[in-house]
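Note that the sequence shown covers residues 771 to 1023 in this note's numbering.
Hints were generated in silico from the structure; no laboratory data involved. Keep in mind that this is a model prediction, so the values were computed, not measured. C-beta: ideal position from N, C-alpha, C; glycine also. Where hints are given, some of them may not hold.
Between beta-carbon pairs, the in silico distance windows are [said to hold, decoys possible]:
| id | residue 1 | residue 2 | range |
| --- | --- | --- | --- |
| 1 | Ala813 | Glu998 | 45 to 51 Å |
| 2 | Glu897 | Phe791 | 45 to 51 Å |
| 3 | Arg892 | Gln975 | 19 to 25 Å |
| 4 | Gln975 | Asp841 | 25 to 31 Å |
| 5 | Ala819 | Gly787 | 22 to 28 Å |
| 6 | Glu891 | Glu998 | 34 to 40 Å |
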Amino acid sequence: MAYDLLIKNGAVIDGTGAPRFAADVAVKDGTIAGIGKIGDAAAKVIDAAGCIVAPGFIDPHTHYDAQICWDPAISPSLWHGVTSVVMGNCGVGIAPCRPEAREIATRDLVNVEGIPFEVLERGIRWEWQSFPEFLDAAEKRGSALNLGFIAPLTPFRHYVMGEASMERGATAEETAQIKRLIREAVDAGAFGFSTTVLNQHVGYQARPLACRNASRDELQAYCNALKEAGKGAIEIALTQKVGVLDEGEEDLL
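Please work from the sequences and hints to get the whole structure.
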């Protein structure tokens, strides 16, 4: 057989911004090997007449941090053609986390994402404490989708500061510890770190997410962790108005 898979008669949207076009798509050894009118034989043929053939969609903003523990298909994203997801956004997540802080991390997700506590309590396996261990656990479980991770600042601050992270900025010593953990996360595979300044992002006991108490000096230190690593991005839930930044938000950037 010339190809492993041949998708015939579909409307191809290739992601370049070009108009859709009718074509067959051939796959060999997991790679697209041909696009056009293809007459060669294939081990498997799919007739995509009336359907769109497109690259898998990338969803850069999800909160599947907990769901990956019990749902390797990551529904409903997979149903809609999403093949890659990024989680750990808005500064909220479940790693790193000490055993005594599991309820706090869980309640943060309940309040920010509206996921029932009972679902999280039954579904999260807690096979980790550190962020690299969280990544290792996800890799061992496997997933139908490609998984990307951002280091969410709230659990990092709480890991170092405890409940004080929900009340104040970090000391210089605490900031250095958090910075080291963020660098460790990036070295392990995190895409960067995330945070939020939005008032509606409250967590455990309706208190502000711990990342909202980070000072400008703290944030600068964490940005420097990425600079020193030579890689990484920052995701921040920033503005109350789409497309409009107030003076304080512009200053933060």
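*asked:* Can you tell me whether the CB distance of Arg892 to Gln975 sits inside 19 to 25 Å?
replied: Given a distance of about 22 Å, which is inside 19 to 25 Å, the answer is holds.
*With respect to the beta-carbon atoms only, verify the hint that Ala813 and Glu998 lie 45 to 51 Å apart.*
Between Ala813 and Glu998, where Cβ atoms are some 48 Å apart, the hint holds.
*Holds or violated: 22 to 28 Å for the Cβ distance of Ala819 and Gly787?*
Given range 22 to 28 Å: holds, Cβ gap about 24 Å.
*Is the gap between the beta carbons of Gln975 and Asp841 within 25 to 31 Å?*
Since Gln975 and Asp841 have Cβ atoms about 28 Å apart, the given range 25 to 31 Å holds.
*With respect to the beta-carbon atoms only, verify the hint that Glu891 and Glu998 lie 34 to 40 Å apart.*
holds, 38 Å
_CB-CB spacing for Phe791 and Glu897 relative to the 45 to 51 Å hint_ = Since Glu897 and Phe791 have Cβ atoms about 46 Å apart, the given range 45 to 51 Å holds.
Violated hints for the displayed structure: none, as all numbered hints are satisfied.
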